[in-house]
Every structure is written in structure tokens, then in C-alpha cells.
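Student: Using the working numbering, read the sequence shown as starting at 4 and increasing by one per residue.
Check each hint, because a few of them may be wrong.
Claimed, not checked - Restraint ranges, calculated between C-beta atoms of paired labels, are given here: (1) K712 with Y360: 43 to 49 angstroms; (2) S82 with L518: 55 to 61 angstroms; (3) K585 with P268: 43 to 49 angstroms; (4) K336 with L518: 31 to 37 angstroms; (5) W759 with W934: 50 to 56 angstroms; (6) N47 with K336: 33 to 39 angstroms; (7) V761 with W952: 45 to 51 angstroms.
What the hints assert, rightly or not - No farther apart than 25 angstroms at their CA atoms in a straight line, the calculated lysine-lysine pairs in the DSS-like style are these: (8) K585 with K96; (9) K261 with K710; (10) K931 with K269.
Worth flagging that the hints you see were computed from the coordinates, not collected in a lab. Backbone N, C-alpha and C define an ideal beta-carbon position, used for all residues, glycine too.
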Amino acid sequence: MRKLQDFLGLRFRLVLFALVASTLSAFGQSQYTFTGTITETGTNLPLAGASVFVENTSFGTVTDFDGNYSFTATLDSGSYNLVFSSLGFTTQKVSVNAGGSTTITNDIALAEDLLSLDEVVVTGTGSGANKRALGNAISSVKAEELTDNGATQIDQAIAGKITGALVQQNSGDPAGGISIRLRGPSTIAGNSDPLYIVDGIIISNSSNELVDLGGNAQNRLADINPNDIEKIEVIKGAAAAAIYGSRASNGVVQIFTKKGRSGEPKFSFMTNVRVNELRKEIDYNTVPLAWEVPGDRTNLATYEVERYNLQDSFFDTGFGIENYLSMTGGSEKTSYYLSASHLDNEGIVENTNFKRYGLKANLTQKAFDWLDITGGFNFIRSVSKDVPNGGINNAYGAITGFVFSDNSIDPSPDESGVYPITSPAVPRTNPAEAVARFDFGQKTNRFITSIALDANFNEHLSAKYTLGMDYYNQSATAYIPIGNTSPNPDGYARRADLNNFQYNSDLNVTYETDLTDAITSTSTLGGSWQYEERDRVGINATGLPPVVQTATGGSILEQGETRSQISYWGAFLQQSFSFNDKIYVNGAVRMDGASTFGEDERNQLYFKASGSYVISDEDFWQESLGGTFNLLKLRASWGQAGNLTALGAFDRFSIYNPSALTGSVSLIPSTAQGNEDLKPERQDEIELGFDAGLFDNRLGIEFSYYKQKVTDLLLPRVLAPSSGFGSRFENVGNLENTGVEVLLRGAPIRTPDFSWDVTATFSTNKNEVTSVAGGGRLTLAGSFSTNYVIEGEPLGVFYRQFYARNEDGSIALDEDGYPYRGTTEDGESSKVIGDPNPDWFGSLINEFTYKDFGLRVQFDAVQGYDVFNWNRRLLDNVVFGGGYNVGQELLGNRPKGYGSAQANIFEEFVEDGSFVKLREVALSYNLKPSWEYIDNIKFSLVGRNLFSWDDYSGWDPEVSAAGQSNGVRGFDFATVPIPRTYQLGVNVSF
Numbered sequence: 004m005r006k007l008q009d010f011l012g013l014r015f016r017l018v019l020f021a022l023v024a025s026t027l028s029a030f031g032q033s034q035y036t037f038t039g040t041i042t043e044t045g046t047n048l049p050l051a052g053a054s055v056f057v058e059n060t061s062f063g064t065v066t067d068f069d070g071n072y073s074f075t076a077t078l079d080s081g082s083y084n085l086v087f088s089s090l091g092f093t094t095q096k097v098s099v100n101a102g103g104s105t106t107i108t109n110d111i112a113l114a115e116d117l118l119s120l121d122e123v124v125v126t127g128t129g130s131g132a133n134k135r136a137l138g139n140a141i142s143s144v145k146a147e148e149l150t151d152n153g154a155t156q157i158d159q160a161i162a163g164k165i166t167g168a169l170v171q172q173n174s175g176d177p178a179g180g181i182s183i184r185l186r187g188p189s190t191i192a193g194n195s196d197p198l199y200i201v202d203g204i205i206i207s208n209s210s211n212e213l214v215d216l217g218g219n220a221q222n223r224l225a226d227i228n229p230n231d232i233e234k235i236e237v238i239k240g241a242a243a244a245a246i247y248g249s250r251a252s253n254g255v256v257q258i259f260t261k262k263g264r265s266g267e268p269k270f271s272f273m274t275n276v277r278v279n280e281l282r283k284e285i286d287y288n289t290v291p292l293a294w295e296v297p298g299d300r301t302n303l304a305t306y307e308v309e310r311y312n313l314q315d316s317f318f319d320t321g322f323g324i325e326n327y328l329s330m331t332g333g334s335e336k337t338s339y340y341l342s343a344s345h346l347d348n349e350g351i352v353e354n355t356n357f358k359r360y361g362l363k364a365n366l367t368q369k370a371f372d373w374l375d376i377t378g379g380f381n382f383i384r385s386v387s388k389d390v391p392n393g394g395i396n397n398a399y400g401a402i403t404g405f406v407f408s409d410n411s412i413d414p415s416p417d418e419s420g421v422y423p424i425t426s427p428a429v430p431r432t433n434p435a436e437a438v439a440r441f442d443f444g445q446k447t448n449r450f451i452t453s454i455a456l457d458a459n460f461n462e463h464l465s466a467k468y469t470l471g472m473d474y475y476n477q478s479a480t481a482y483i484p485i486g487n488t489s490p491n492p493d494g495y496a497r498r499a500d501l502n503n504f505q506y507n508s509d510l511n512v513t514y515e516t517d518l519t520d521a522i523t524s525t526s527t528l529g530g531s532w533q534y535e536e537r538d539r540v541g542i543n544a545t546g547l548p549p550v551v552q553t554a555t556g557g558s559i560l561e562q563g564e565t566r567s568q569i570s571y572w573g574a575f576l577q578q579s580f581s582f583n584d585k586i587y588v589n590g591a592v593r594m595d596g597a598s599t600f601g602e603d604e605r606n607q608l609y610f611k612a613s614g615s616y617v618i619s620d621e622d623f624w625q626e627s628l629g630g631t632f633n634l635l636k637l638r639a640s641w642g643q644a645g646n647l648t649a650l651g652a653f654d655r656f657s658i659y660n661p662s663a664l665t666g667s668v669s670l671i672p673s674t675a676q677g678n679e680d681l682k683p684e685r686q687d688e689i690e691l692g693f694d695a696g697l698f699d700n701r702l703g704i705e706f707s708y709y710k711q712k713v714t715d716l717l718l719p720r721v722l723a724p725s726s727g728f729g730s731r732f733e734n735v736g737n738l739e740n741t742g743v744e745v746l747l748r749g750a751p752i753r754t755p756d757f758s759w760d761v762t763a764t765f766s767t768n769k770n771e772v773t774s775v776a777g778g779g780r781l782t783l784a785g786s787f788s789t790n791y792v793i794e795g796e797p798l799g800v801f802y803r804q805f806y807a808r809n810e811d812g813s814i815a816l817d818e819d820g821y822p823y824r825g826t827t828e829d830g831e832s833s834k835v836i837g838d839p840n841p842d843w844f845g846s847l848i849n850e851f852t853y854k855d856f857g858l859r860v861q862f863d864a865v866q867g868y869d870v871f872n873w874n875r876r877l878l879d880n881v882v883f884g885g886g887y888n889v890g891q892e893l894l895g896n897r898p899k900g901y902g903s904a905q906a907n908i909f910e911e912f913v914e915d916g917s918f919v920k921l922r923e924v925a926l927s928y929n930l931k932p933s934w935e936y937i938d939n940i941k942f943s944l945v946g947r948n949l950f951s952w953d954d955y956s957g958w959d960p961e962v963s964a965a966g967q968s969n970g971v972r973g974f975d976f977a978t979v980p981i982p983r984t985y986q987l988g989v990n991v992s993f
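Given only the sequences and the hints, what does the whole structure look like? Please build it.
Tutor: Structure (C-alpha cells):
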């Protein structure tokens, strides 16, 4: 008790001391008002949303639509730096004196900085770093680039805006999953998704397929509203992971949400309506004839039929609406940002939609002169109505039924409401029934919350502590009524639930000092602890009674439960030096650990080094080339990282499954043997590059070259039968990624009334699996044994049967005129027939403004990659009869059964998936009425995915039925195409 009293007494004395100190300090302070206008150099156009703040304090604001700013600050007498900044413009500091007049006015013009080298970016150390000091590439996306583009998800919105980031929408469902690969895949068994961080909180972007939707699993990033985002920073490469830890070995996507600013409350209300439609139909059989005996090549007898466009039975026009309201304001010590949102978006498959409801609050409190406290809270409820399509195990989907259907059968129900079987050859669902009677859906309730303490003890020492938590419950149900045309005619029901909780606790301490007049030292010490927990249950049943939709009401086929807990920990030390603000060097060491690995291998050390040289700041450069070549920064970095995603919580153990044997409890070993000597996959990467500005910084160039080597890949090694197991994970593989990234930004025209900005990106990545145990091949699950891991080839190449060919390269035919399979010189019946990894991808963005009008046009291109068209393999087969080429056989334009002969020659169905898409077109008009309470009204008309220039015979070459799979790409089987979207919106600021 005595110790407790002493402790409480000590706490009381400390609090009393702090109160007295802060009170005495307040006697020497006065309140000052800062006002002015920020414009753009050359055009004198006002800069809306520019940041103005007193350096090393929390006092500041942002400019309004006319570029005006005004805020108050309580300061001691003395000199201060007033900092003016805006993304895409150079930062300016103006020295002001607090002590005379209490009103301080400064009008500032900011010059354009196309490469944003003066931008302060967050690099994981807790404190910001000037972009010119970094030795690795960082890409930024502004808030205005994330909205008014027809996208409903963040990962949709950044497509084409970042070099080195291949953004692929796997499904056109309203919340269809999206894959992002930064500089190619870096693992085979694990996950190549980047690490997502929202305001310092590591969030989950899992793709949980709780019910079989055929690869259309949602990303949980779909829960985040793009309207809440201030900016996004993307860090690529292992040099970044040295600070963020091995969970960032695939890169980092940092998402910064909007914060409050001091001043009177400001409101913004946005509403838009949208239309989603199928961009194109695929060709189908329109010939009004059918074979009497489809499987007999010699019987050419036909009879008349009516053909139906079955695409009309499940595709439809979808409509959507979105509303968003935000409020921001505060005093000199307290600021807040509040928002509420609602999205209801229908898909192009009938009876599919995605609804999202959100509430968000960010609060910043200046507790003391040296301490800021920031709290964030975000609640999201996401609800989707789904229709299963595609996939490996799914045989009851709408599009799955379409590719197997005979389109001479009317899919409409009879007078009793009974749907006919449209696939008599193979049990598959009538697509019209799937969209009308099946009931699949998901509900997610999610909380993301955080608190951050940002302390500046003095001009040298600072610290930041962040505690963040992300929790969601995802619940999914599936119901197929009895008396249906699917392979489950007696009904089907499933219920599955997932609870996902994770938190991260991070502390970083930074000490900065001037060693000499020319040398500045920055030392950072940090540590983190992360924990994630997943609990999942599910139950399946068939044999449902009439009307009953719950799985417990039927004959239970399967029930299961899984639990998982994983901990990650790490610590790092980083040292940086700046020489004359021109030369920067940086080195770091980090220790990372994860509970998924054995005790002897779970802790690993990783190193990083980088440097940059702003050579254009040298006098000799300014005197010789400075007039034209305004800026040149050379940079280089090297870093190591591990990959901690390849193993689940218990994968290092030999797993035993419970079972009942003759009425007794028993345990049956799995086919995978445990291995507690596994260690994390290891990645080494070197990056070289430069940033250049020419012609008064009207042209900016950013160039990067990287080479990444991944060793100790975790792969399943086949074991001898005598071991009692089928396989065991071992560190037995290597792969490499080599690539180039180029970013061009230009401002060809700048006048007070008209401006034209252009951005072009180009990225190329060459991936190669350089080593597989025994030099063999591994089949990637979820590809119908089509995508493989093969030594010396890119990850996920197509390896299947191919055409026999004549000496001149033409397809060889048998004596009946039909193609047949070939064999290699080694007698193999399969070979590499395609590669789903693109040769290059890029974008071209043009932005025009004329007075109050704005126009934005974005083209995206992905070139040199293959798609396996599983749809055509089925549609062209005479057994089913719905494809265009079956009609050509009926017309005599090719032999009867030709498509059936091709069905097992997989080379036929590998198509060029290269495309150029008109991704975004946005026309806007800003109305600034003279009304007292309205600041601005913005009208916008947006088109998304309007046109695609490609040679692909399917709906869309961009989608992939394997969803977020790391290695199975370019796999189009009954996948929902990406819709064409039109959007009309209004945004009112007041």
C-alpha cells in the first residue's frame, strides 16, 4: 500500500508540475491572426486546398476555393517559419515575427513542382522526410485523383496513376476483388499484395471467400471510402521494408485520411448517380439449325430451331447512387473532421449489388505545446447481394451455366414458374434461374480505430507512438431452393462467419542535430508489435425442406471451424546524414520475427542503405545547365526483407484431423509433413534512378531501374511414399524480378484561362523462377492444372497440350481433316503455351482546364500478355452448342466437330490479352455563386471503362477467375466482365 501511495503521489506531483509550467508559459503568449492568399506562379490562379502552418506547431489551415487562408495561433514572442505547401508545387517558408502586430498577412505564389521533390512523405520512422532526401522511389496520388472517376474503391481509383503498380480488377462485380502487384510477384506460396496502412494502422485487405462465388471474392479494401482520403503514398522495394518490416516486402500503400483544420466549420456534400452496363457482348450461335446427332461427325442431318441470346437472361443495366457529407473545423488547439457516407451500386449481373455505409471521425488535440494527440474512428457496414459465377469448384453459377448451355432452349420459366434445363449434356444451372432464384449475400461490420501521440520535446528530440486496431465480422449465406436446374436439385444452403481482429503498436524516437554547419544527422530508433486473430466457422447442407433456407434445416454435408493467431514483432535503427542539403545518405538495420516460424529461425536481421545527390543544386550546374536542366537528383538504394506470408499459423507442424472411426474418437494425419526448421523467404533488391526537371520545371522525368532476387522460397517438396506423407514445405526455390519504371509529367500550356497537364507512365517487369527443387514443375492450385511453376520460366505460365504442326509451322491435320495434339522432342505431350505476365503496362493522362471547366482523360495499356479463354473452350464444343463457331460448323464453314477436336488442344484457347482502355473521362464545371453561404458548386460527368481496344474474343481480357491468386493469372472462366460506367455528380461546399 505504501508503494501505491508513493506512486500516486509522484503522478500527482508530475501532473501539478505540468499544469504550473503550462500556466506560466501561457502568460508569455499572445494570439496572432495569420491571413493571406496563395496563388500559382505564372497564372496567378488561386490554389485551393493548399496547406499553411506555423513550423513545429499544430497551428495551421488550408486555403478555400479562392486561395484565401485565415487562422489564429497562440504563440510566444519571437521568430517563426510560416510554411506554404501543396502537392505538386514547391514548398515555401517565410520568416515571420510574432511580437508586433497581432495580424500577420502574407500573399504567396507557389511554383509548380511536377515531381513533388519538396513534398514531405512518411517513411515509417514516425517523422516525415523530404522526398529529395530519399534514395528510393515514392509515388503520390492526390485526393482529387481518387474521386470523380467512376471508381467506388481505392484500388480501382489508383489504376494507371502509379509506375510499377499493376492494378488488375479480377471481376466486374460491384465489389469485385482487385489485385495490386508492385514490381511483380515476390513469392509463390505466399501473398504478393502490398502492405496497406491507414493513418499508421495496418489494416486487413483479406479476400475471404466464405461462400463459393467463383473467384469473385471481395477485397476488404472495398470498405474504405475514397472520399475520406487526403492522399496516398506508395513505397516500392525492399529498401522500404527495412523500416516497415518484412510484412512490407511487397511494398507499402500508405493511405492518409482527411484531418480537421482550425477555423469555422466547413461542410461538403456530394451526391452522384451512375449507370453500369455491359461493354460488349460475345459472339454466339445464331444459326437456326441444330444437329440431330451432335456427337456423330458423319451424320450431317439437321433440324430447324430458334436461337436465343442467353446473355440477355443474366446481364442487365445496373444503377447506383452515392451520398457523402463531411464537416471540418476547430480551434487553435482542437480540430476535427467528420463524415458520413452511403453507397448503393448495382452490378451488370441481375440481382447483384454492393452497399456501403460509413461514419468517420478524426480528432486532433494539442494537449501541450510539445504534444499532439490524434484519434481516429471509422465504422463501415458493407452489404452485398451476389450471384455465383466461374471458379474451379462452382458448378451452379449463372455464367457457368451459360457456357455449358444449348442456346436453342428458351431459358424462360413455364407458366408454373419452373425453369427448363438448358445444359442437357452436363448438369449445370439455367442462367436465368440463377439470377432469379438463387440468394447469395455477404454482410461485413468493421471498426478501424487508432490513437497517436506525437511529441516534440525540443528542437532535436521527437517521438511518435501509434496504437491501431482493425476488427471486422464478415458473414455470408448461400441458398439454392429445391427443384432447381443446378447439380443440387434438392437444394443447397451454406452459412459461414469470420471474425478478424488485428492491432499494431509502434513507437519511434528521432533525434536530429546539426553536427556542423554543413552536416545534419538524424537518428531514429523504433519498434513494433503486431497481432492478428482469425476465427472462422461454416456449415453446408443439401436436401432442404420446402421454403427452408438455413443449413441446419437440411442434411449437413460439411461443417468446420478454424482458429488462427499470429504475432509479428520488429525493431530497427536508422541513421541519416545530410550534407549541405544536397547529398543524403541513409543506413538501417532491422530485426523481424513472426510466430509462424520455428523458434530457431523466426528472428532475422535485414539491412538497408540508400543515397541521393541533388546535383542540380551545385553552383557549376546552375551556371552551365541550370537554365534548361533545372533539376537533377541521382538516387540509389539497396535493401533486404523477408516474406512472412507464405506460412499460416500452424503450417510448420504436422497436422492431425479429428475423425470418428468405428464410433471412437481418432486423429488422422494430413498428407503434409511439418517442418519446424523453415525460415522466412528472403529478398534482396537494388534500385538505381534519377529525377529530372527541365524547361523551368515544365517537364519532369522520374526513372527507376530495379533488380530483385528472392531466395529460400517456401515450396511443397514431394516426399517418398515410405515417409507416410505426400509433401513437406521446404526453402527450396528462387525467383527474380527485373524492371524499369518511367514517369513523365509535363505542363505544356499555362495561362490564366487555360492549362494543359499531361502524365505518362511506363513500367516493365521481367519475372523468372530461377530455381525449383529438383528442377521440376509445380502445378498451381485453382487453374485446372493449367498454370505452373517451372524453373527458367515466369511464374504461372500456361503449360498444357499443343497443336501438332507441319514443317512450315501450319497446323497438322489428320486424314479426316481434324487437328491433333503434338509432342515435344523429349516425348512430352505438354509445353509452355502462354504467359499471363505482361511485357509492359502504362498510362497516358491528359488534364485540361479552361476557366471554370475541367476535362480529364486517362488511357491505360497492358501489353504482351496471354489469357486462357476457358469460356470459348466450352462454347465452341458441339456437345453444348451455344458458341459462334458451332454455328460456323452448322453453316459448313468448318467441319462438324472441329471445336470438339480442339477442346483438348489447349494451345487453341490461349489468346492475346493485350489491351488499351479508355479508363476515365471526367468533365467538370465549378460554379462559384455570389450566395453568402455557398463557397462552390461542382458539377461532374464521368465515364469509366468506356472503350477497350483489344483482339480478345471474350468479354474482357482484364479479369481473372482465380481472384487474388498470386500465380494463377490470365484465367478467364465464367468471370463477370468489368462494366462501362456513366456517372453524374454534384458537390456543394459551404
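Student: Against the 25 angstroms threshold, does the CA-CA distance of K261 and K710 hold or violate the hint?
Tutor: Given that 25 angstroms is the threshold and the Cα spacing comes to 36 angstroms, the pair is violated.
Student: Within 45 to 51 angstroms: is that where the Cβ-Cβ distance between V761 and W952 falls?
Tutor: The hint (45 to 51 angstroms, Cβ to Cβ) is violated, given that V761 and W952 are roughly 20 angstroms apart.
Student: Holds or violated: 43 to 49 angstroms for the Cβ distance of K585 and P268?
Tutor: holds, 44 angstroms
Student: At the C-beta level, are S82 and L518 separated by a distance inside 55 to 61 angstroms?
Tutor: violated, 24 angstroms
Student: Please work out if K585 and K96 have their alpha carbons no farther apart than 25 angstroms.
Tutor: Answer holds: K585 to K96 is near 18 angstroms, not above 25 angstroms.
Student: Regarding the pair K931 and K269, is the alpha-carbon distance no greater than 25 angstroms?
Tutor: Within the cut-off at roughly 16 angstroms; holds.
Student: Could one say that the CB atoms of K336 and L518 fall in the range 31 to 37 angstroms?
Tutor: Distance hint for K336, L518 holds at roughly 35 angstroms.
Student: Can you let me know if the beta-carbon spacing of N47 and K336 is within 33 to 39 angstroms?
Tutor: Given range 33 to 39 angstroms: holds, Cβ gap about 35 angstroms.
Student: Given the hint of 43 to 49 angstroms, check if K712 and Y360 actually sit that far apart at their C-beta atoms.
Tutor: holds, 45 angstroms
Student: Given the hint of 50 to 56 angstroms, check if W759 and W934 actually sit that far apart at their C-beta atoms.
Tutor: violated, 31 angstroms
Comparing the model with each numbered hint stated earlier shows that hints 2, 5, 7 and 9 do not hold.
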